[in-house]
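Top line first, the protein sequences correspond to chains A and B.
Residue 1 is where the first sequence starts when you use full-length UniProt numbering, and the numbers rise one by one after that.
Residue 1 is where the second sequence starts when you use full-length UniProt numbering, and the numbers rise one by one after that.
Hints were generated in silico from the structure; no laboratory data involved.
Please note that the accuracy of each hint is not assured.
Stated by the list, open to error - Under the rule of at most 16 Å between Cα atoms (straight-line distance), these lysine to aspartate or glutamate pairs were calculated in the EDC-like manner:
no.	chain 1	residue 1	chain 2	residue 2
1	B	K118	A	E99
2	A	K478	A	D569
3	A	K410	A	D428
4	A	K484	A	E383
5	B	K220	A	D149
6	A	K118	B	D122
7	A	K96	B	D122
8	B	K118	A	E100
9	A	K221	B	E146
10	B	K220	A	E146
11	B	K220	B	E409
12	A	K546	A	E277
13	B	K263	A	D295
14	B	K478	B	D565
15	B	K525	A	D432
16	B	K96	A	D122
17	B	K546	B	D513
18	A	K221	B	D149
19	B	K429	A	E532
20	A	K525	B	D428
What the hints assert, rightly or not - Footprint (simulated), chain B over chain A, 3 or more residues, beta carbon under 8 Å:
no.	stretch
21	174 to 188
22	422 to 430
Note that the structure is a prediction, hence the values are computed from the model and not measured.
Built from N, CA and C at the ideal position, the CB exists for glycine as well.
Number of protein chains: 2
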Amino acid sequence: MATSEPRAAGGEQDPNSANLRPPTTTNEYAWMHGCTRKLGMKICGFLQKNNSLEEKGRLAGQKNLLSCDNSDRDARFRRTETDFSNLFARDLLPAKNGEEPTMQFLLEVVDILTNYVKKTFDRSTKVLDFHHPHQLLEGIEGFNLELSDQPESLEQILVDCRDTLKYGVRTGHPRFFNQLSSGLDIIGLAGEWLTSTANTNMFTYEIAPVFVLMEQLTLKKMREMIGWPNGEGDGLFSPGGAISNMYSVMIARYKYFPEVKTKGMSAAPRLVLFTSEHSHYSIKKAGAALGFGTDNVILLSTDERGRVIPADLEAKILDAKQKGYVPLFVNATAGSTVYGAFDPINEIADICEKYNLWLHVDGAWGGGLLMSRKHRHKLNGIERANSVTWNPHKMMGVPLQCSAILVREKGILAGCNSMCAGYLFQPDKQYDVTYDTGDKAIQCGRHVDIFKFWLMWKAKVSRVDRRVHTCWLKKTEKHLQANKNLHGFVSPQHTNVCFWYIPPSLRGMPDGDERREKLHRVAPKIKAMMMESGTTMVGYQPQGNKVNFFRMVVSNPSVTQSDIDFLIDEIERLAHDL
Amino acid sequence: MATSEPRAAGGEQDPNSANLRPPTTTNEYAWMHGCTRKLGMKICGFLQKNNSLEEKGRLAGQKNLLSCDNSDRDARFRRTETDFSNLFARDLLPAKNGEEPTMQFLLEVVDILTNYVKKTFDRSTKVLDFHHPHQLLEGIEGFNLELSDQPESLEQILVDCRDTLKYGVRTGHPRFFNQLSSGLDIIGLAGEWLTSTANTNMFTYEIAPVFVLMEQLTLKKMREMIGWPNGEGDGLFSPGGAISNMYSVMIARYKYFPEVKTKGMSAAPRLVLFTSEHSHYSIKKAGAALGFGTDNVILLSTDERGRVIPADLEAKILDAKQKGYVPLFVNATAGSTVYGAFDPINEIADICEKYNLWLHVDGAWGGGLLMSRKHRHKLNGIERANSVTWNPHKMMGVPLQCSAILVREKGILAGCNSMCAGYLFQPDKQYDVTYDTGDKAIQCGRHVDIFKFWLMWKAKVSRVDRRVHTCWLKKTEKHLQANKNLHGFVSPQHTNVCFWYIPPSLRGMPDGDERREKLHRVAPKIKAMMMESGTTMVGYQPQGNKVNFFRMVVSNPSVTQSDIDFLIDEIERLAHDL
Numbered sequence: 001m002a003t004s005e006p007r008a009a010g011g012e013q014d015p016n017s018a019n020l021r022p023p024t025t026t027n028e029y030a031w032m033h034g035c036t037r038k039l040g041m042k043i044c045g046f047l048q049k050n051n052s053l054e055e056k057g058r059l060a061g062q063k064n065l066l067s068c069d070n071s072d073r074d075a076r077f078r079r080t081e082t083d084f085s086n087l088f089a090r091d092l093l094p095a096k097n098g099e100e101p102t103m104q105f106l107l108e109v110v111d112i113l114t115n116y117v118k119k120t121f122d123r124s125t126k127v128l129d130f131h132h133p134h135q136l137l138e139g140i141e142g143f144n145l146e147l148s149d150q151p152e153s154l155e156q157i158l159v160d161c162r163d164t165l166k167y168g169v170r171t172g173h174p175r176f177f178n179q180l181s182s183g184l185d186i187i188g189l190a191g192e193w194l195t196s197t198a199n200t201n202m203f204t205y206e207i208a209p210v211f212v213l214m215e216q217l218t219l220k221k222m223r224e225m226i227g228w229p230n231g232e233g234d235g236l237f238s239p240g241g242a243i244s245n246m247y248s249v250m251i252a253r254y255k256y257f258p259e260v261k262t263k264g265m266s267a268a269p270r271l272v273l274f275t276s277e278h279s280h281y282s283i284k285k286a287g288a289a290l291g292f293g294t295d296n297v298i299l300l301s302t303d304e305r306g307r308v309i310p311a312d313l314e315a316k317i318l319d320a321k322q323k324g325y326v327p328l329f330v331n332a333t334a335g336s337t338v339y340g341a342f343d344p345i346n347e348i349a350d351i352c353e354k355y356n357l358w359l360h361v362d363g364a365w366g367g368g369l370l371m372s373r374k375h376r377h378k379l380n381g382i383e384r385a386n387s388v389t390w391n392p393h394k395m396m397g398v399p400l401q402c403s404a405i406l407v408r409e410k411g412i413l414a415g416c417n418s419m420c421a422g423y424l425f426q427p428d429k430q431y432d433v434t435y436d437t438g439d440k441a442i443q444c445g446r447h448v449d450i451f452k453f454w455l456m457w458k459a460k461v462s463r464v465d466r467r468v469h470t471c472w473l474k475k476t477e478k479h480l481q482a483n484k485n486l487h488g489f490v491s492p493q494h495t496n497v498c499f500w501y502i503p504p505s506l507r508g509m510p511d512g513d514e515r516r517e518k519l520h521r522v523a524p525k526i527k528a529m530m531m532e533s534g535t536t537m538v539g540y541q542p543q544g545n546k547v548n549f550f551r552m553v554v555s556n557p558s559v560t561q562s563d564i565d566f567l568i569d570e571i572e573r574l575a576h577d578l
Numbered sequence: 001m002a003t004s005e006p007r008a009a010g011g012e013q014d015p016n017s018a019n020l021r022p023p024t025t026t027n028e029y030a031w032m033h034g035c036t037r038k039l040g041m042k043i044c045g046f047l048q049k050n051n052s053l054e055e056k057g058r059l060a061g062q063k064n065l066l067s068c069d070n071s072d073r074d075a076r077f078r079r080t081e082t083d084f085s086n087l088f089a090r091d092l093l094p095a096k097n098g099e100e101p102t103m104q105f106l107l108e109v110v111d112i113l114t115n116y117v118k119k120t121f122d123r124s125t126k127v128l129d130f131h132h133p134h135q136l137l138e139g140i141e142g143f144n145l146e147l148s149d150q151p152e153s154l155e156q157i158l159v160d161c162r163d164t165l166k167y168g169v170r171t172g173h174p175r176f177f178n179q180l181s182s183g184l185d186i187i188g189l190a191g192e193w194l195t196s197t198a199n200t201n202m203f204t205y206e207i208a209p210v211f212v213l214m215e216q217l218t219l220k221k222m223r224e225m226i227g228w229p230n231g232e233g234d235g236l237f238s239p240g241g242a243i244s245n246m247y248s249v250m251i252a253r254y255k256y257f258p259e260v261k262t263k264g265m266s267a268a269p270r271l272v273l274f275t276s277e278h279s280h281y282s283i284k285k286a287g288a289a290l291g292f293g294t295d296n297v298i299l300l301s302t303d304e305r306g307r308v309i310p311a312d313l314e315a316k317i318l319d320a321k322q323k324g325y326v327p328l329f330v331n332a333t334a335g336s337t338v339y340g341a342f343d344p345i346n347e348i349a350d351i352c353e354k355y356n357l358w359l360h361v362d363g364a365w366g367g368g369l370l371m372s373r374k375h376r377h378k379l380n381g382i383e384r385a386n387s388v389t390w391n392p393h394k395m396m397g398v399p400l401q402c403s404a405i406l407v408r409e410k411g412i413l414a415g416c417n418s419m420c421a422g423y424l425f426q427p428d429k430q431y432d433v434t435y436d437t438g439d440k441a442i443q444c445g446r447h448v449d450i451f452k453f454w455l456m457w458k459a460k461v462s463r464v465d466r467r468v469h470t471c472w473l474k475k476t477e478k479h480l481q482a483n484k485n486l487h488g489f490v491s492p493q494h495t496n497v498c499f500w501y502i503p504p505s506l507r508g509m510p511d512g513d514e515r516r517e518k519l520h521r522v523a524p525k526i527k528a529m530m531m532e533s534g535t536t537m538v539g540y541q542p543q544g545n546k547v548n549f550f551r552m553v554v555s556n557p558s559v560t561q562s563d564i565d566f567l568i569d570e571i572e573r574l575a576h577d578l
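Put together the whole structure using the sequences plus the hints.
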């Protein structure tokens, strides 16, 4: 199966490393395994790989892999080494005598993961080790993605874990600027490990008492930050911003046309939704899914910075009414996906009040600024919204997934969605069943997304503000001014920085179709080379009449000025011949 | 804050234990911390709690907590002890010198989690330590759920982790029979820890290359098991069975009335969906959400075992057509939520073919039987379905969440849902962009649910069959015959066993309204006492004209005959005075 060659220097040695610096000395190699000094004393015990794990040739010749500073401990630990090649899943709990192999196995996994964590923060490692789909499918260095017909040994399972991380993308790496969600928060990570271990479900207090209460208290806190009186209202954590936005459209419809729940859309007139041409595509998706139709999702024009023009909203509302349609819902975006634009919520709210429309604020990306004393003003007016989407898994760095839909009116989520399933939401339980939140959701089972966020809030509430400051423009805006080959065309409002890179061949060329076409191909070419080289990642896209441009996003507190410099330098290096 | 008394014996000692046997000897207590022999040699290093963690009084008097068999090692490990009371989140990575505290902190968390794992499999521990919402909100033993205004120390964060687990419900405990999802699979758990650490998103190959391919290969395997030629078709992992079922209704609508995507439901006639009166409530929820209206979700009558009566389906189709409505979609349930009933798929498929309707099979619960040579026949005809929901997080024991929507026709998921967002799904990437699956989903970001399942499949494929066998009727059915106070009223088709418990006071009473009313109150009373006592958990509900009855479900391979005996004994014990 292993027909492809590894692409990365160093790729042959450590399934977990993809290190930019080829290991030259034994000590350095040992360091890559994190087996150093005091720390090593704690973890070297389970750091030590069974020799058979090394047989794949990756670790050949690295005798001193486990160069802990205490060799007699090494020897003693060896006695407890587990040979995973003869162990299988059937030997783990609940098997008789399964406790020891279970613990050994889990500790081996933790070793792999903590190594990955360390490397994620290590700028000498690559962001990714790119391979095309067909290469990974063919099997690289024996990493076989195919599902087998026979159970594999725990040794192979551990190798699979290492390989999975090796060929993945380090979204927590300080040089990963590709997505709105980035970073690897240690508290959040611990929270998610605990959540996985608790392995329960949010639908009832009965089986998730602590998590249900944490969700309730956290949502209240979030509503307070929005500015709703006493934090009153309702809400849920949902599987992402798109679903949160979908909730907002559903409850808006239920508010004005509750009969749609039972009779369907034919019970309502032709309903129209409004959202920015720069807004997230999930509003259109919701329009399609919920039976409005995308034609009835009216896109609003924006100013040069990507903000909705309120007059355009009003004009389009009047136009819709004149056609006999019924305006229902307006989405204001707080932090648009590409430009990071903030729609003027107060002006939009005035219009919504005037025409009695539901106002939703999609703060999936920008909602985190509600925690910032300095930047909160960008969301002024959000307290007038009927509903808000806010994804702590974006600017606030909570591990994926963590998205909230918050609603000002109490009871409407339940009114809209409840079906009163008798097997789950028994009214005759011994506890206060208003804590059974499951019937408010469109889901039945609901993943526990709250704990990591709750834990992060407890651990660092005051740092959220700092996080936003740290990520903010000081790190980004000046690059556009300092480098004449970077052509920024929109003054940043959030940590999104959009720019063209003008390669040497285009620098003297007059504007026109030819230049536009050529420029359109520049970002994809650079991005492709960047992924092959694996050193950094940044996104690109066209928007409106603008040809492909880069969108750099900073939401990872690990990012320093030097990382942004590195990105720019890499772009220049890669685009040298373009 | 700590105004409430702990309810459980032993609850004061170990925040993680809730052990039914109060610790009597130091050795036993040490064992509860898993610090035994070889295993202890590996983990005792980070097992050792900082004394301050013990100050809360729970561990008072347990000097020999860390009775590893090698005391000189203890001494050396102590040197590396970390005082978490002076450490905060800000001291962890990416902080300068943050690597060591990060590793120490994560290892402490792992210690807490591995202890929890051990106790989950330990029948001497309780399933839960029940408290009412107001008690937990008031704060028990200092467990403060409120979000603070100041960052808490890592010591407090670790205490919070322990408390969170202590007051939760051990869904993996062999005496937890409450939900369709139960058990704690070690391989799956490891997979979920890795997924959290990788912290990426399924929307593009670009940032989740390995996971996207794993999903593709696994979905193909699942389609092969369904019996679609060459495993062709499409699919996605979604955030649960309810969303998977919602997908099926959406794509059925798109197949027959694609113009609804752009024009809304007004472009279609009045569409009608059919599903069993015993089916999951998510079909009705989908009907409400997607704009059909619940009135247009027609419930089908069932036989005494809860299976759809095909003649009733045909009669209701004809009735709908006569009224001028347009039948669109039929859901056949493979493993109903309460009875575990399997609708006759082949007979339903015949009717769907005759009237040109979309056939969906909701195999959220029963889909796992496709892996069983012995029980697969219960899903005969599933290969004729247009779409299938199958939740590996139920019978197959994959940690929550893991649900697949599988579709026979290729391309229809994308056709139905794609919006071609330029910032994410660039057509000019360097790799084959058909691997960017995100635009097929109604979500944007999508949690990585595949890895744990892929890993479990690799580790134990052949055991899935055994798992089903193990869980099967041999463990359950005979109880209904053996115990005259258990009145089963439906012959089990899956591992659901439904029964009334007849308490002493009702044993001679003639049938009638009074007895029915009294019997209706029995299960809730027993369940309440059971939760207070914390020894086991089982669900109850009314259904149709049947008053509250118990539904015991076995989906955890840890369950033995003795656990089922224990449940029945507990019911008898608790109901003694009823």
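Hint check results:
{"no.": "1", "hint": "B:K118 - A:E99", "result": "holds (7 Å)"}
{"no.": "2", "hint": "A:K478 - A:D569", "result": "holds (15 Å)"}
{"no.": "3", "hint": "A:K410 - A:D428", "result": "violated (23 Å)"}
{"no.": "4", "hint": "A:K484 - A:E383", "result": "violated (41 Å)"}
{"no.": "5", "hint": "B:K220 - A:D149", "result": "holds (14 Å)"}
{"no.": "6", "hint": "A:K118 - B:D122", "result": "violated (34 Å)"}
{"no.": "7", "hint": "A:K96 - B:D122", "result": "holds (12 Å)"}
{"no.": "8", "hint": "B:K118 - A:E100", "result": "holds (10 Å)"}
{"no.": "9", "hint": "A:K221 - B:E146", "result": "holds (10 Å)"}
{"no.": "10", "hint": "B:K220 - A:E146", "result": "holds (11 Å)"}
{"no.": "11", "hint": "B:K220 - B:E409", "result": "holds (13 Å)"}
{"no.": "12", "hint": "A:K546 - A:E277", "result": "holds (14 Å)"}
{"no.": "13", "hint": "B:K263 - A:D295", "result": "holds (6 Å)"}
{"no.": "14", "hint": "B:K478 - B:D565", "result": "holds (11 Å)"}
{"no.": "15", "hint": "B:K525 - A:D432", "result": "holds (15 Å)"}
{"no.": "16", "hint": "B:K96 - A:D122", "result": "holds (12 Å)"}
{"no.": "17", "hint": "B:K546 - B:D513", "result": "holds (12 Å)"}
{"no.": "18", "hint": "A:K221 - B:D149", "result": "holds (11 Å)"}
{"no.": "19", "hint": "B:K429 - A:E532", "result": "holds (12 Å)"}
{"no.": "20", "hint": "A:K525 - B:D428", "result": "holds (9 Å)"}
{"no.": "21", "hint": "174 to 188", "result": "holds (count 7)"}
{"no.": "22", "hint": "422 to 430", "result": "holds (count 7)"}
Checked against the numbered hints given earlier, this structure breaks hints 3, 4, 6; the rest are met.
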